[in-house]
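Peer 1: With chain C's structure known, arrange chains W, F and D on it following the hints.
4 protein chains.
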Amino acid sequence: MEIEIATIGGYEEVGRQMTAVRAGDDIVVFDMGLNLSKVLIHDDVRTEQMHSLDLIDMGAIPDDRVMSDLQGDVKAIVPTHGHLDHIGAISKLAHRYDAPIVAAPFTIELVKDEIQDENKFNTENDLVTMEAGETMPIGDSGELDLEFVNVTHSIIDAINPVLHTPEGAVVYGLDKRMDHTPVIGDPIDMDRFREIGREGEGVLCYIEDCTNANKKGRTPSESVARDRLKDVMYSLEDYDGGIVATTFSSHIARVKSLVEFARDIGRKPILLGRSMEKYSGAASRMDGVDFPDVEMYGRRQGIERTFQRIMNEGKGNFLPVVTGHQGEPRAMLTRMGRAETPYELDEGDKVIFSATVIPEPTNEGQRYQSENLLGMQGARIYDDVHVSGHLSREGHYQMLQALQPQNVIPAHQNMKGFSGYVELAGNQGYKLGRDLHVTTNGNVIQLVEE
Amino acid sequence: MEIEIATIGGYEEVGRQMTAVRAGDDIVVFDMGLNLSKVLIHDDVRTEQMHSLDLIDMGAIPDDRVMSDLQGDVKAIVPTHGHLDHIGAISKLAHRYDAPIVAAPFTIELVKDEIQDENKFNTENDLVTMEAGETMPIGDSGELDLEFVNVTHSIIDAINPVLHTPEGAVVYGLDKRMDHTPVIGDPIDMDRFREIGREGEGVLCYIEDCTNANKKGRTPSESVARDRLKDVMYSLEDYDGGIVATTFSSHIARVKSLVEFARDIGRKPILLGRSMEKYSGAASRMDGVDFPDVEMYGRRQGIERTFQRIMNEGKGNFLPVVTGHQGEPRAMLTRMGRAETPYELDEGDKVIFSATVIPEPTNEGQRYQSENLLGMQGARIYDDVHVSGHLSREGHYQMLQALQPQNVIPAHQNMKGFSGYVELAGNQGYKLGRDLHVTTNGNVIQLVEE
Amino acid sequence: MEIEIATIGGYEEVGRQMTAVRAGDDIVVFDMGLNLSKVLIHDDVRTEQMHSLDLIDMGAIPDDRVMSDLQGDVKAIVPTHGHLDHIGAISKLAHRYDAPIVAAPFTIELVKDEIQDENKFNTENDLVTMEAGETMPIGDSGELDLEFVNVTHSIIDAINPVLHTPEGAVVYGLDKRMDHTPVIGDPIDMDRFREIGREGEGVLCYIEDCTNANKKGRTPSESVARDRLKDVMYSLEDYDGGIVATTFSSHIARVKSLVEFARDIGRKPILLGRSMEKYSGAASRMDGVDFPDVEMYGRRQGIERTFQRIMNEGKGNFLPVVTGHQGEPRAMLTRMGRAETPYELDEGDKVIFSATVIPEPTNEGQRYQSENLLGMQGARIYDDVHVSGHLSREGHYQMLQALQPQNVIPAHQNMKGFSGYVELAGNQGYKLGRDLHVTTNGNVIQLVEE
Amino acid sequence: MEIEIATIGGYEEVGRQMTAVRAGDDIVVFDMGLNLSKVLIHDDVRTEQMHSLDLIDMGAIPDDRVMSDLQGDVKAIVPTHGHLDHIGAISKLAHRYDAPIVAAPFTIELVKDEIQDENKFNTENDLVTMEAGETMPIGDSGELDLEFVNVTHSIIDAINPVLHTPEGAVVYGLDKRMDHTPVIGDPIDMDRFREIGREGEGVLCYIEDCTNANKKGRTPSESVARDRLKDVMYSLEDYDGGIVATTFSSHIARVKSLVEFARDIGRKPILLGRSMEKYSGAASRMDGVDFPDVEMYGRRQGIERTFQRIMNEGKGNFLPVVTGHQGEPRAMLTRMGRAETPYELDEGDKVIFSATVIPEPTNEGQRYQSENLLGMQGARIYDDVHVSGHLSREGHYQMLQALQPQNVIPAHQNMKGFSGYVELAGNQGYKLGRDLHVTTNGNVIQLVEE
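First to last, the protein sequences are chains C, W, F and D. 29 is the number of the first residue of the first sequence in the working numbering; add one for each residue after it. 29 is the number of the first residue of the second sequence in the working numbering; add one for each residue after it. 29 is the number of the first residue of the third sequence in the working numbering; add one for each residue after it. 29 is the number of the first residue of the fourth sequence in the working numbering; add one for each residue after it.
Next comes chain C alone, as it looks inside the complex (with noise of 0.2 Å):
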């Protein structure tokens, strides 16, 4: 059978990710994301009202228009997990195929909501829940398989989608740590992938999450961050004066462990910004996921009901885990750095930024903004609580071991990000240009000739 990946998307940068892969007369779409920095770097662009064309012209979405050099009909539309960068463009282009779109309960959720909010088009898609663990037959050959894996990231649901073919097994890869003790769901499958690595034809093609391909050693588990930030809350303890948070709203582990230990140390927790309401709020309406019972405000005069209500309490008992952890210039947290919301920051409260910067100057420079217009409220500052959702090296080369993949694709960087997983395959034994497939957007690697 023949096999071509068409790597759309996300082979040049970390973001709009898109791949496409045809069995025969059967493709499946692995992610649809959007690239949102694409967008902001213009001022006041809506992209809820733009058309697909200029989006792409933007590089904020996925040129898909290689999709005419495949021959084949689209069976599923699979995203790996609801981070923008891999669902954010669904809304702009589902549309076009006639397929459904099959993703993880929590994912499904997010897509919908994705859905919703767009006002440009109408997408029909159906959407297929499918859990980790489930295997579905895909296209009418009878020949294809789409299987998830459970797979371990900075947000729950997180799957590694294989189509599993008469050629080998196609592990799409993106995005995961090698998480043993998550604080939430179950840990990465590494029996799985081994076993998958092993059985029938084996692995025809790993196509790898490269996000930090060039930092050395292991990506600690999300228990190690669960465990940064007790030790930082708990010190915290005797301080009765203001305390506030801020993470990614969509790690949804974070928020859990945030929301814990406010309550162990004495204060009540309350989410606030519109998506922290929108994440944390899909998380609680889930059954089986092990989320507390939180208030949440997503409005803006719900927020400074709150604020005040804080304030006239008092700062002491609550958390408020908030925006804003990049220091973006509208986020709550950068309004509380210039005073513009009830909550009075005062000399000696303390501001935990569960998150690194995105190592990209913009960031650097409004994360530095906001912790100085903090600073000059009189807040103590932590930073960077926090660890990384992306396999480093040694993730790497444990997953290669487990595979044996017969063809690699590094992907979700750009070409320096892929440098460090090129220099490990190579030392693995994979050669450029034979099977070692370093690659940009909108190529077709040929694996399997008819």
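Careful: at least some of the hints might be erroneous.
Which copy is meant is left open, so a pair is good if it fits within one copy or across any two.
[Unchecked claim] Keeping only pairs whose Cα atoms sit at most 27 Å apart, straight-line, the calculated DSS-like set for lysine-lysine is:
| hint | residue 1 | residue 2 |
| --- | --- | --- |
| 1 | Lys-66 | Lys-459 |
| 2 | Lys-148 | Lys-306 |
| 3 | Lys-444 | Lys-140 |
| 4 | Lys-306 | Lys-296 |
| 5 | Lys-66 | Lys-243 |
| 6 | Lys-244 | Lys-459 |
The set of hints was computed from the structure by calculation and includes no laboratory data.
Peer 2: Just chains W, F and D now, kept in the frame of chain C:
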């Protein structure tokens, strides 16, 4: 009562710490340390045979000639803990003073080693053991007391000595982090610090460990380092080849964690290297230290024989814990990288650096070389599984809140290293030239006039 | 005669410089500057309408309330050169003092602009011009003289004022590099500095520009920057599309080089932007400044019309020199990157940044964004064609050798910035707390008692 | 005609360059270099006595076993210039090929040295000199010509060889910067490159020097380095103590500048050290090289005697130019820092590093140590008085504009080093896997099929 502080060593560097406090006619000396890098930059220097003045000229030990400016008699020499930069000059300088050496039990043990290894001088000062929490009278006036407050650092039995005078307490704050969950021993005694801040005349002067004063946030607890180490080691549970670890030999808590996790994943830990045996040997001989029973070898022959045994019985059954975390050219791990030991590294074997590189180009170059050599043997590197033993900015902030000192003196750094502390203290209302004393080696600061 | 130095502003930052020297009953004030970054961090602040106290609270201008601690009368306000961090607070503070403003001709010209733009206060102090090399008597004692020694900096007409007192000279050393081949004006007058070091009582006190005190080696001459610029511009001689340059508007020598090389490669230079017109306009109106005759436009309408003309006549015939070297969001170059001006960038057009990014995350973020926007229009970037205007370590060493001052005071930095200077001075035999005065804003240092 | 490129060495590192071009039955080999760092990481390795295969295993010289995959005969071995990473393996590999070594005169001179120093192998290939601008026929087909185009680099007589084939030109672009005002020799021949880009079939393939591909802007001319050096040395004209300089021994233009400026400031230059004598000696023996007449000593005895003479006649009369710019532990300058030579440094003496540290932790550590040792002797350090010999991004852009190659192959770096070039070429319309060939050592790229 007249009070003066002589800042003798360690005020222009991290290393060769020495500070004297004169209260009336009585003097207490805190620390007598060695700056090892000033020795190592020269080829073939053997300190144990060198005269003090030559070592002073090299900048290796404190220039204690300023002591003659102080009108009084030394009544005690008080090392805070057993690191070389705090005790390494005792064998060169203590014999000049007719005073006992007063220290916590583990520190006394290591001081004995120093004295024994010395060839040039005879140190006959009394060695007096005092536990954290205890107090003894000092001098003839009947007005001075020396108290040991328990603190937490990267070595066990670290204390902060406090000299209680009629004018208030002088708190010598080197070296510590604020750890509420250390792996061995008690948490830092913040309650006692707060009490000292409030009682009597309060704190006349606080001398602070500025090693990490330019780092934001909070230094995590040793329990976080332990969690990270556990995460790494448990993730290697299935590996049946060689795993080797290295850390600071004096870091007893870390060695304990390594030993325990080795056993958890089915490996026999063995400590190898002269300094490994020295520190862990001392720890295992101490009463009341919760250190596990473990094999250790310090001499060449025992080490070679052990490596041979490991090769014979199977590398997969052992975890050698060796010296060489900074890539020191003659250390065990570097020699393993050069294939100069019977232990043969295979492709895929793991090396765990439970240590950071001390940030200085010489170390960085040597460590890079060591990792390269290990990599050429096939080793996979897990680096930086570590947390620092020193307070960061928010720890400093909390100490100032607890002690409310009338004067502060930054120490244990150079001017650049002090800068973050000066900024912090300035924001807390201290003023250079009034109550914030930025100083250099060889100065005398008069706090209370006659 | 009693001599005191009040270190009022610019001792915790680069910005808002102000220092007062009291000699007997007479006081001379050196510099009254603005810290622009403290203004810009706030949205929509218009300084020209603000009250001094509000600007002091913001940290934007020096807190001159310490002046009331000095027993004497201000006899002169002496800005050293025309940069905002040295003259930007004159319009807010000078009116409080009954004293003339004494400065070099170009500086006086820029002070006039400042006074004119001010809305809140009337500044009616006399403006007195004095050239480098000249001396005037100061005060009523008949014992004080003010001399201007010629120095070299990134603006023309920079001088170091020297207050000659019976106790020795006070040399105010801000801002300079040691340039023997400046592009405009005379070389730094090292002979005179050496003379001052030897004559009479020698130098009582030297206040030094520590901006680059942590940089090794020697800051190159402006002639080296000119050579680098020439190398870049001549290499583009064959290009017939658009070339745009940007630099510090106040950097008259650099603008001159840009103008001359533009003509050398067959392009008409035009200066565009409000501050371009302000500084270059002032320079071209000055007698004795070797500044070329060149078109310039400062107002929106003239700029738009000029861009239109350039597009009509062909971009290949022009070199627009515009504002925006730090990526300021509203500057001309950034607007060109956003395609908001009539000047259309084409693929391959060149943008020359004859400036470094001032190393601070906000600037770095903005500059990155600006380069990205320009790159999206197709521009090729030549960055960092520049040398600093401030002394590096070896310049400081040479100044100490020349002046042999009895006391030194590092200035124009924060504590971290001072650290390299303190180390250097320490190695030259100065001692903190004796003759090396590390200080902060708002201190008074007594050098000679009554 | 079938055309293949074998990328043999220097495609995963800077070092051990070797590339073969097969055109029909004829093969031309470009460069045979040594990766010195792979030798130095081992203790006590003497390459001149080692067998090729051992050096290949160490990664020190190119693994030329891939040559057996090429169907043809080697007709010429063409080193581009005399640096070791381009000629250092000739004495180990050239004897295997029955082909002349064709190079520019200075390169031939240095190749002779290499062959002479070799103990293991006899290299009896003909040595053929060809000047920049000349062309010779290659092979038996009568269809191939080899041309040398003049380029500019950090060594004299650098050329870019061009193999003219019926399918277009293969331009081998290592190593160069785009220098229009070199200090010795002619400017880079951009006119000829543009001509080659337009004539006949144009350029089939361009192999590019990516050393600095991640650096923005333009690498300055050697004349800018000369200006910087002049600025430093003239600023020391009044100093009457010792001044010492160091630079790359092979950097003839830089040594010439050092010699000339030494004389300008009244000092006698003397070159000291084995490699100083080797390269400058060769240059001074060449016809047509504008190298000044200067004393030089390469052997221990001559050097010691010279240092003694300098001490006797007064250090102020001399400028020793010595080896040791990277802080190499055994080099002359490092030995001066250890006070192991008769030349005694005094407080205030100057050391000029007319070189950058090659950015790699081992070098950085050694250089740091060397500067420390020199500083302990009282020396003042002028570092980094240098410009690189390699193109930056805008040079690469201009080369692509000039040559308009059908295929490009980045070389002289690892994957991380290529990344900037891949991005640049991608923006210019090249595509990975089509006409942009990112490759590794040991690959064969087929450009034209039979």
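Peer 1: Each hint: holds or not?
Peer 2: Hint by hint, here is what the structure shows:
no., hint, in the structure
1, Lys-66 to Lys-459, "between (33 Å within a copy, 22 Å between copies)"
2, Lys-148 to Lys-306, "within (21 Å within a copy, 48 Å between copies)"
3, Lys-444 to Lys-140, "neither (35 Å within a copy, 39 Å between copies)"
4, Lys-306 to Lys-296, "within (20 Å within a copy, 50 Å between copies)"
5, Lys-66 to Lys-243, "both (25 Å within a copy, 23 Å between copies)"
6, Lys-244 to Lys-459, "within (21 Å within a copy, 30 Å between copies)"
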